[in-house]
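There are 2 protein chains.
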Amino acid sequence: MIGRLNHVAIAVPDLAKATERYRDMLGATVTQPEDLPEHGVTVVFIRLPNTNVELLHPLGDKSPIAPFLAKNPSGGLHHVCYEVEDINTAVEFLLATDTMRVLNPKPKIGAHGKPVVFLHPKDNDGVLTELEQA
Amino acid sequence: MIGRLNHVAIAVPDLAKATERYRDMLGATVTQPEDLPEHGVTVVFIRLPNTNVELLHPLGDKSPIAPFLAKNPSGGLHHVCYEVEDINTAVEFLLATDTMRVLNPKPKIGAHGKPVVFLHPKDNDGVLTELEQA
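Sequence lines, in order, name chains A and B. Per our numbering, the very first residue in the first sequence carries number 1406; after that it's consecutive. Per our numbering, the very first residue in the second sequence carries number 1406; after that it's consecutive.
What the hints contain is simulated information worked out from the structure, not anything from laboratory work. Note that the coordinates shown come from a computational prediction; the quantities given were computed from them, not determined experimentally. Mixed in with the good hints, there may be bad ones.
If several chains are the same, the list does not tell them apart, and a pair holds so long as it fits within one copy or across any two.
Here are the simulated EDC-like pairs of lysine to aspartate or glutamate, each with C-alpha atoms no more than 16 Å apart in a straight line [to be verified]:
1. LYS1519 with ASP1503
2. LYS1513 with ASP1466
3. LYS1422 with ASP1528
4. LYS1527 with ASP1419
5. LYS1527 with GLU1439
6. LYS1476 with GLU1425
7. LYS1511 with ASP1528
8. LYS1511 with ASP1419
9. LYS1527 with ASP1503
10. LYS1422 with GLU1443
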């Protein structure tokens, strides 16, 4: 089912500082910050040769990242995203086997404009897991 | 400086269950568990088309993963590892700029038989960061 690792997401308390660090200290290619109001985040992508790191910072009052940063003020690894060929087939399989809860069985459109679902971290070793249709 | 994402490491409380889940539920290719006594871990690799996920479970009394699992009993995202061309050049640069602490300035031999260093999570948004010579 899962294919490429699409990205690893890191919640950061200071997006400008984090971006500078990846660019100037770690020598990576970084994108301009992009506000995604419908997701409640501002994102910067660290472009690596084989995948991306997604830096996430809260945007607006109801950011889904805010509780994580309240609990982890220094920031931290937030989720991983794997690509799947067909999101509906993936969801149907997971629902049928009933061992990994799908937080949004009806896929929503993710940060890259593609349908995504999230799996409950408690069912996957404490790791919030996103599946994105490739 | 940083190149490919070599792996994302996840600490897991039950290695057999986690491996089964990635194989049977998420349909990934998994390796046989491998004991690395000198690192205090047993590892299983999830082979993805573009990178690896490394499942880590404590081995022995002084496992570096044990305190993490004591704090996060369900498991969780533990570290990320980026490839660098030359580990000594990377360390020299980081030591000279003095903004990201290198936990072991003298590289040690990592799980893949290559020299690695770890950077202090407090200097990188709470993310334990490994650099591995490619």
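How the hints compare with the structure:
Proximity of LYS1519 to ASP1503 under the C-alpha cut-off of 16 Å is found in neither arrangement, the shortest distances being 24 Å within a copy and 40 Å between copies. With identical chains, the CA atoms of LYS1513 and ASP1466 are never at most 16 Å apart, being 20 Å at best within one copy and 45 Å at best between copies. In the homo-oligomer, the alpha carbons of LYS1422 and ASP1528 lie at most 16 Å apart only across protomers (11 Å), although the nearest pairing inside one protomer, at 33 Å, exceeds that limit. With identical chains, the CA atoms of LYS1527 and ASP1419 are at most 16 Å apart between copies only, with a shortest distance of 13 Å across copies and 28 Å within one.
Taking the shortest alpha-carbon separations for LYS1527 and GLU1439, neither the intra-copy value of 30 Å nor the inter-copy value of 25 Å comes in at or below 16 Å. Within a single copy, LYS1476 and GLU1425 get their C-alpha atoms no closer than 24 Å, and across copies no closer than 31 Å, so neither meets the 16 Å cut-off. With identical chains, the CA atoms of LYS1511 and ASP1528 are never at most 16 Å apart, being 19 Å at best within one copy and 38 Å at best between copies. In the homo-oligomer, the alpha carbons of LYS1511 and ASP1419 never lie at most 16 Å apart, since the shortest distance is 32 Å inside one protomer and 30 Å across protomers.
Taking identical chains as interchangeable, the C-alpha atoms of LYS1527 and ASP1503 lie at most 16 Å apart only when both belong to the same chain, with a minimum of 13 Å there against 38 Å between chains. Neither within a single protomer nor between protomers do LYS1422 and GLU1443 lie at most 16 Å apart by alpha-carbon distance, with minima of 24 Å and 36 Å respectively.
Checked against the numbered hints above, the structure violates hints 1, 2, 5, 6, 7, 8 and 10; every other hint is satisfied.
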